[in-house]
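S.K.: Chain by chain, the residues run as shown.
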Amino acid sequence: MASNTQTNLPINPTNNTPSIKKILVSSLKQNIRQYTMLIALIGIWVFFGIISDGIFVSARNLSNLFLQAVTIAILATSMVLVMVAGHIDLSVGSLAGFLGAVAAVLMVKVGLGTIPTIILTMLVGLIVGIWHGYWVAYRGVPAFIVTLASMMGFKGAIIGVTKGATIAPMLPAFKAIGQGYLPKLFLPHASFNDTSAIISVIFILLFIIFDWRKRQSRIKYGFTVLPLSLQLIRMVVICIAMAAVLSIMVTYMGIPYAILLLIGLVVLFSFITEKTTFGRYVYAIGGNKEAARLSGINIRKTNMTIFMIMGVMTAIAGMVFTARLNAATTAAGNLFELDAIAAAIIGGTSTMGGEGTVVGAIIGALVTSSLDNGMSLMDWDITYQYIVKGLVLLLAVWVDIATRKKSA
Amino acid sequence: MASNTQTNLPINPTNNTPSIKKILVSSLKQNIRQYTMLIALIGIWVFFGIISDGIFVSARNLSNLFLQAVTIAILATSMVLVMVAGHIDLSVGSLAGFLGAVAAVLMVKVGLGTIPTIILTMLVGLIVGIWHGYWVAYRGVPAFIVTLASMMGFKGAIIGVTKGATIAPMLPAFKAIGQGYLPKLFLPHASFNDTSAIISVIFILLFIIFDWRKRQSRIKYGFTVLPLSLQLIRMVVICIAMAAVLSIMVTYMGIPYAILLLIGLVVLFSFITEKTTFGRYVYAIGGNKEAARLSGINIRKTNMTIFMIMGVMTAIAGMVFTARLNAATTAAGNLFELDAIAAAIIGGTSTMGGEGTVVGAIIGALVTSSLDNGMSLMDWDITYQYIVKGLVLLLAVWVDIATRKKSA
Amino acid sequence: MSDYILEMVNITKEFPGVKALDNVTFKVKKGEIHALVGENGAGKSTLMKVLSGVYPTGTYTGDIVLKGQTQHFQNIKESEHAGIAIIYQELALVKQMSVGENIFLGNEFQERGIIDWDQSYIEAKKYLDEVRLDINPATKILHLGIGQQQLVEIAKAISKKANLLILDEPTAALTEHETDNLLNLLVELKAKGVTCIYISHKLNEVFRICDTVTILRDGKTIGTYPAQELNEDRVISLMVGRELTQRFPRKPHTPGDVVLEVKNWTVYNPEIPDKKILSNVNFTARKGEILGIAGLMGAGRTELAMSLFGAYAGKRTGEMFLEGKPVDVTSPRDAINQGLCYLSEDRKQYGLVLMMDIKNNISMANLSSLCTNNIINSNEEVRAAERYTNDLKIKTPSIEQKTGNLSGGNQQKVVLGKWLMASPKVLILDEPTRGIDVGAKFEIYNIMNSLVDQGVSIIMISSELPEILGMSDRVIVMHEGKFNGELPWEEATQEKVIFYATGGQ
Amino acid sequence: GCGSSGDKKAEAPKEKKIVIGLSLPTQREERWVRDRDAMVAEAKKLGIDLEVQISDNDSAKQESQAENLITKGVQVLIVAPNDSKAAANIVEKAHAAKIPVISYDRLILGTDVDLYMSFDNEKVGELQGKWLTDHVKKGNLIVLSGDPGDNNATLFKKGAMQIIQPLVDKGDLKIVTDQPCKDWQPSEAMKHAEDALTANHNDIQGVLAPNDNTAGGVIQALAAQGLAGKVPITGQDSDLAAAQRIVQGTQGMTIFKDTRELGKAAIDAAVKMAKGEKPDANNKVNNGKMDVPSILLPPVAVDKSNIDKVLIDSGYLKKEDVYKK
Ligand SMILES: Nc1ncnc2c1ncn2[C@@H]1O[C@H](COP(=O)(O)OP(=O)(O)OP(=O)(O)O)[C@@H](O)[C@H]1O
Ligand SMILES: Nc1ncnc2c1ncn2[C@@H]1O[C@H](COP(=O)(O)OP(=O)(O)OP(=O)(O)O)[C@@H](O)[C@H]1O
Ligand SMILES: [Mg+2]
Ligand SMILES: [Mg+2]
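In order, the protein sequences belong to chains S, B, X and G. Here the first sequence is numbered in the numbering used here, starting from 1 and rising by one per residue. Here the second sequence is numbered in the numbering used here, starting from 1 and rising by one per residue. Here the third sequence is numbered in the numbering used here, starting from 1 and rising by one per residue. Here the fourth sequence is numbered in the numbering used here, starting from 1 and rising by one per residue.
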C-alpha cells in the first residue's frame, strides 16, 4: 500500500537537493483523495469509539468489522479496474449471489469437496466474465447494458439453481474461508494468536525490505530520495500503523483467512494497476480510448481481460459470502453492486474512468462498513441508518472534490 | 411524436428538387434507432400474439399493458433529459416510492383532499429536485453520487414515513389517476367509450393540422418538402397507426386518465427537447460541456432546472403508482430507476449524454413492459422470465448499435 | 484616449503554480485589426479568456475598460452583450448537433424560450455562405473535418454581430485557400467598423492584415507596435527574446534505401463501402529523407496516414512493403512493431491521455521496452521520460505534471516524445506544428533533422506550404484522394504545389 | 359475488376444463416453493388447469400478473398477496370480471374477499414470543424483524411483541437491539447479532429471529463466540436447514405451517367455487370491510421435543435428511 505514495514523489535528477518541504507537500497533494478518506475513516472510528464507550474500537468489534467489509472490499477491488477503464459492472451483486449458490449446490447437492467446488465456481465466474467481455469488447455494447442484462438474468438464475430453498451447510474447510481464523500453532494457551503474530512480523519485515530496496535502486539511478532521517521516520510511522492494525487481530482471535485473502488480493491488484503494462493500459483506455488505440494498445483484449478478472473476483466474493453465512440463500448479493461501486467512488475512483486506486476502494469499503457497524452497534433506527449513510457518501465525495479543486 | 421525424429532414434551400429516394433514405437513417426499436416492439407483439392465441393483442390486454407501463414511462420521459445532459438519476425508484408514501400519508393520515395532496407531493418532489440540483450544479458532485446517496436516504425515509406498514386506501378521485377511465358521456350503453372516441378524433385532427401547417411554413421559407402525394401517404399511415392504438382503448373501457396524462407529458417533453432553448441547452451540455459553456449557456441553471423537473416528474410517477395500487407500500419503487434507465437506453438514449429522444424512451418502456406482460400471460417460469428480459435488453441494444454503425 | 475601444490594464492571472499573466497591459484601437503574438504559453489565450469572461471578475486582478466603461464580466453572456465575440483556440462545437444548431447555440432565434427552427436554418445558411462553406446547415458537426469545423466556429462568431471580434488561431486548421477567404473576410468586416484581435503563429498572415502588433512573452507585455514598423524577423526576436537567423533549418540529406513502398493503395469510406477515399496511390519513402505531402483540406492525406497505420475503419486494398518485405498492418500495434509510427493531427483527441502525466504518456506506445515480464520498471520509465523532456525542451515543473495542464506546444512535444520513444523507422507526422509557436517549431524542425540523420524516414503531412517547401526533400501533392504530382524540393514552388493541389495536370 | 359466474358455465358444461389462477409472492423462500408444488400436484390430481404467477415480492407486478390471469379467463383466482392492503385492487378487478377470489395465507384487507385460507400470521409471532419467554425468563434479548419494507414482517413482530412486551415493561427482559433485516437477508441478521454481542459483551439470553433464514445468520454469529446452542433462538418456516439445527441444538424452535394441507384445501375450495358451490368455511375473520368466511389451519411450534412427530412423521421432511451428519 505504501508503495503508492512513494512512486509519486517528484523526481529531479538534475538537482539533487530539492527542499524537503516541497517533497512532502507535493506527495500530500498527489494523494490528497486517499488522505481525505483516511481522515474521514479515522473520524468515524473516533466518533463511534467515543459514543460507544470504546466498544466500537475494541479488538473484537474491529475484527468483526473487517470481516463484515470483506465481500464488498473484494468486489470493490476489481470494480476499480472496471471503472478506471470507463465501464461499470451492475451485475456483481446478483452474480455473486448466483455463484455463491453454485458453490453451495456443488458442495451440498453434488457432493464435491472444497477444492473442486472452489475451482469450478471460479470457472463459472470466468465464463460469465468472458460473456461480458465478449459483448463489451467485441460487440461494442456499453458495459452498463451488458451487466444490467446480466443482473436481471442472474436474479432469475439464482432461483433456478436454488429452487428457492436455502442450501446449507457447507463443509468445514469451505466455511473456514469466511469464518475461520489462522490457528495457533506453537502457543495454544497464549492470550494472542502466535501464527498471526508471526505473519504480521513477516508483513512488516517485507515492507521494510521493499522500501529499502526501492530507496537503493533510486539512489543507483541517481534520483532524489528523502534524506535518510526522514525516510526512517516515515518507515517507522508506517510500520507502527501496520503493527497497530494487525495487532487488533492478533490479540483477538487471530487473522481471519478472509482478511488474509483480501490482503493478498489488494497487494496483487495494487501491483497490477501500478506496475504492469495491463494496468497501465486500463488507465490509458479509461483516460482516452482513441489515444490508447493509436498508441498500439489492444483495447479489445484489455477490456476482455478486465471482465474476465471481474468474473473470477465475483466468484471469490460470492464464495466468501456463502462461507461466512455457511449457507446460500436466494436473496444473497442483493444491491452489492451499489455498495461496491460506492466504495470505489468514495475511495477516489472517477465515474468517468481514468482515475482510481485499489487502496482507495478498500478505504471506501471500510468507511461504509464502519458506518453500518457503528450504527447497528448503537442500535440506531433503520430510517436514520439509511439517511446517515446516504449523507456521508455525499459529503465524503463533496469534501474530496472541494479539497482537490483547491490543491490542484 | 411525428414532428420529430420531420425536423430532421435535410434542408436544402438552394436546391428545390432533391430526389425523393434521397429524402426517404436520409429520414430513415436519421431515425434508425427509433425504427429499430419500433420494429422490435412490433415483433414482440406479433410473437406473443401468436403464441397466446391472440389474447396478448386483445384490446383488454393491450389496455392493461399500457397501464402497466405508465409509471416507468413517466420516469423514463424525464430520465431522458437527465441522461442527455450527461447525468444519471439513481434515486427515482426510492424517491417515487417515498413520494407515493407521502401522498398516502397526507391523504390517509392527515386527511387532505385530492388536489392539496397532489400539490403538496409535487412540492416535496420539487424540493428534492432542488436538493439534487444544488449538489450537482453548484457543488460539482457527480449526479451518480448525489442520487445514489438519495437512493439510500429515501429507502430509509420511506420506512420512517410509513412506519413499515402499508397505507391505504386512497380517495376515489385520487385512485382514478391510476385506475380510472374517461367516463362515457353521451352513449352510456354503447359498446365503446364515446368520450374517448371524441378525444381520439381530436388528437388525429390536431396532428393533421400541425403537419399541414408545418409543410406550409417550410414552403414559405423555400425549404424542400416532400411531394404532395408522398406527404399525404405519410399522413394517412400515421393517422391509421394513431387510430389503431387509440381504438384499442376506445373499444375496451376507454382511455385511462393515466394514459392521457402520459400522452400529455410526452408531447410536452418532446416539445421541450426539440423546440425550446432549454431543451437545446440540455443536448449541448451533454454533447460538449466546454462548448456549451463557451457559448454562454448557463450550465448551472440548466442542470438545476433538469433536476427540478425530474423531482416533479418523480412525484407524478409516485402518485400514479400509489393510485394504481390504491396503497402505498414500503417496498414501492424498488429498482424502478433501473427500469427507467433501461427504457431510456433501449429507446436510444446514450449513456454518455448528448443523444436521446422522449419518444424513444416511451418505446423502450413499452418493449420491457410487453415482455413482462407477455411472459406472465404465457405463465413462463420466473427464472426464464428474468433471463429472457436480460437477453432481450442486451440484444436490442446490440442490434441497434450494429445497424447504426452500418448506416451512420 | 477615446480611440481605444478596449484597454486592459495591469492584468495579472495566476493558475496554481503558474503566473500566466503578469501585469499585462493591452490596448486596442477602434476599427483596427490588432495582432497578438507570442510563443506557446506566453498567455495569449488566457488574456482573451479573461476578456471574454471565461475567467470571471475576481479570478484575476487588473481593469478591463471597454468603450470607456470599466467592465466586470461575470460570465460569457455579459461579454457578448457588451459586444465581444470570440473564437477559442479549442473548437467549442457540440459534435452531435447540427451546424445550424451550433451556430446559434446560446443565441437562438426564440420567443419565450421557443425556437424558430426554420428561421434559424435560413440565417445559418447565410453565415455559412459568408465564410464560403458550402454545406447543408442540417449536417451534424461530427461529419465535418476539422477545417470545416473551424469555419463553422467563424460563422458562429460573425453571427453574434459583435463590434469586437477575437480570433484565437483561427487558421491553424485551414488551408491556404480558406485562409485567404478568412483574411479577406476580416478585411471586409474591418471596413464595416468591426475591431478585431487576431492571434496567430503564422506571421505572414499577421503582416497581411494587421495594423498593430502586440507581443507577449512569458506572461508579460513586450510592446505594442504599428505593423509597418516591424518585420517578421523582428517580431520573432521580440517573441523569443533572441535572434532566429533562419526559419527552416534545412540540412542537406542523402536519401538512402527505400524503407516504405506503397502500391495500388485504395481506401474506401467506412460508412459508404463503395465510395473510394483514396484510389491507387503509389509512393516510396527513403531512409533519411523528409517526404512532404501537401494538399487541400479533405484531399485524403489523413486517411492515407491512418490507413497505413492500421487505424482506419474502412476497407483497404493494395500492398505495402517495409524494407522490401511485404507487411500486413491490421492494427496500430502491428504498425508500431514494424517501425511505422503516426503522430495524429489532433493531439487532444488522438494523441494524449490528458489526465495522465507526461511520464506515462511518453512511455505509452513502447511500454514493453521498460518491462520485464510485463512488469514496468518505473525507474527506467522516469529516466526515459526525463530524457525526452530534456531533449524536446518540454516546459514543465515536473514529469509528473498532467498533460492536460500543458500548453498546446508542449503537449505536441509530449506526443512527439511518445513516438520517438517507439524508435520508428518511418514516422508519419500529420500537421506536426499545428498551433505551435515559431520557437517551438524551429525546435521541432531540428528534431526532425536529427531523426533523419539517424536514418529515420519522415513523412510530413502539412497544410502550411512554407513548412512543406522549407523542410521536405521531396513533395507529393494530393488532390481528391489521388497523387497528383511529385516534385523534388529544388523544383517545388508555392505556385506549382497549389497548381497540383487544385487539380491541375 | 361469485354466484353469477355460473351462468356462463352453463353453456359449456363439463367439456371445458376448470381453470384456476394462482398468484404467489415469491419463489425465493423454500416455503412458497412448497406451496406451489403442493397446489400444482393437487390440481394435476383433480385434472384441472392451474395457471401460476410469481410476483417476486413486487406488489405492482402482482397486480399486473393478476390482470393477466383475469385476461386469460380463469374462473377462480387464488391470491397470496404480497401486500395485504395493496392487493385489494386485485380483488376489485377480479370481481369486476365476475371472478371470485381466495385470499391465500395472508388476508387481503379492506375489500370483499370471497374466502380466506391461512395460518394466522400474528399467531405465528405469538407462538415465537411464547416459546421465547418460556425459555428466557430474565435477561437481554436481541429482537430482529424481517424486511423493513414487508408488511408481514410487521405482523410477525406485532404478534411476538404482544407476548414479550409485558415482560419488558415488568423489567424482566431487556431489548438491547431491535433491528430489521433488509430483504430478510441472513447476512444482515448475522451482522446485527455480531454487533449486539459485541456491544453487550456476549451478555445475551435470547434472540427473536423472524424466520429460519435469519436465524441461520444469527447462529453463525453465536457460533463464532462459542454460544451456539446456549442462547435460545426462534425461527419460522420449518426449512430443512432449520430442522437440522434444531436436532443439533443450535436453533431452539421453528414454526410449522403445513402448507401442503393449506394448498390442497385451497385447490379443493377453488374447484368448488368454480362449480358454483360454497366452500365449507370454519371461521370468520374481519378484514376491515367485512367478516370474511375463512378456513384457518393452526400453525404449530416445533422444537426438539416434537420435531419427529410434526415434521418427520407427517412426511414433510425426511428423517435421513434431518439427521444427516
Ligand atoms: N487551466 C489552466 N490551468 C493551469 N495552467 C494553465 C491553464 N490554462 C493555461 N495555463 C498556463 O498558462 C500559461 C499561458 O497559457 P495560454 O494558453 O494562455 O498560452 P498561449 O499563449 O495561448 O499559448 P499557445 O500559443 O500554445 O496557445 C501556460 O503556461 C499554461 O500552461
Ligand atoms: N467522418 C467522416 N465521414 C464522412 N466522410 C469523411 C469523414 N471524415 C473525412 N471524410 C472525408 O474524407 C476525405 C478526406 O478527409 P481529411 O479531412 O482526412 O483529409 P486531409 O487531407 O487529411 O485534410 P485535413 O487538412 O483536414 O487534414 C474528405 O472527402 C472528407 O470529406
Ligand atoms: Mg493559446
Ligand atoms: Mg488531415
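Hints in this document: simulated from the structure, not taken from any laboratory. Check the hints yourself; a few may be wrong.
Unchecked claim - The list that follows gives simulated cross-link-like pairs (lysine to aspartate or glutamate, EDC-like), each with its CA atoms no further than 20 angstroms apart: (1) G:K17 with B:D379; (2) X:K263 with X:D328; (3) S:K301 with X:E90; (4) X:K140 with B:E274; (5) B:K275 with X:E111; (6) X:K402 with B:E290; (7) X:K140 with B:D379.
Claimed, not checked - One side of the interface only, derived from the structure: several residues of chain B facing chain X at Cβ under 10 angstroms: (8) R139; (9) G140; (10) G279; (11) T351; (12) E355; (13) D381; (14) Y384.
Glycine residues also receive a C-beta, built at the ideal position from the N, C-alpha and C atoms.
S.K.: Compare the structure with each hint and give your call.
M.R.: Hints and how they fare:
{"no.": "1", "hint": "G:K17 with B:D379", "in the structure": "17 angstroms, holds"}
{"no.": "2", "hint": "X:K263 with X:D328", "in the structure": "13 angstroms, holds"}
{"no.": "3", "hint": "S:K301 with X:E90", "in the structure": "33 angstroms, violated"}
{"no.": "4", "hint": "X:K140 with B:E274", "in the structure": "16 angstroms, holds"}
{"no.": "5", "hint": "B:K275 with X:E111", "in the structure": "11 angstroms, holds"}
{"no.": "6", "hint": "X:K402 with B:E290", "in the structure": "19 angstroms, holds"}
{"no.": "7", "hint": "X:K140 with B:D379", "in the structure": "47 angstroms, violated"}
{"no.": "8", "hint": "R139", "in the structure": "18 angstroms, violated"}
{"no.": "9", "hint": "G140", "in the structure": "16 angstroms, violated"}
{"no.": "10", "hint": "G279", "in the structure": "8 angstroms, holds"}
{"no.": "11", "hint": "T351", "in the structure": "14 angstroms, violated"}
{"no.": "12", "hint": "E355", "in the structure": "6 angstroms, holds"}
{"no.": "13", "hint": "D381", "in the structure": "42 angstroms, violated"}
{"no.": "14", "hint": "Y384", "in the structure": "38 angstroms, violated"}
In summary, the numbered hints that this structure violates are 3, 7, 8, 9, 11, 13, 14.
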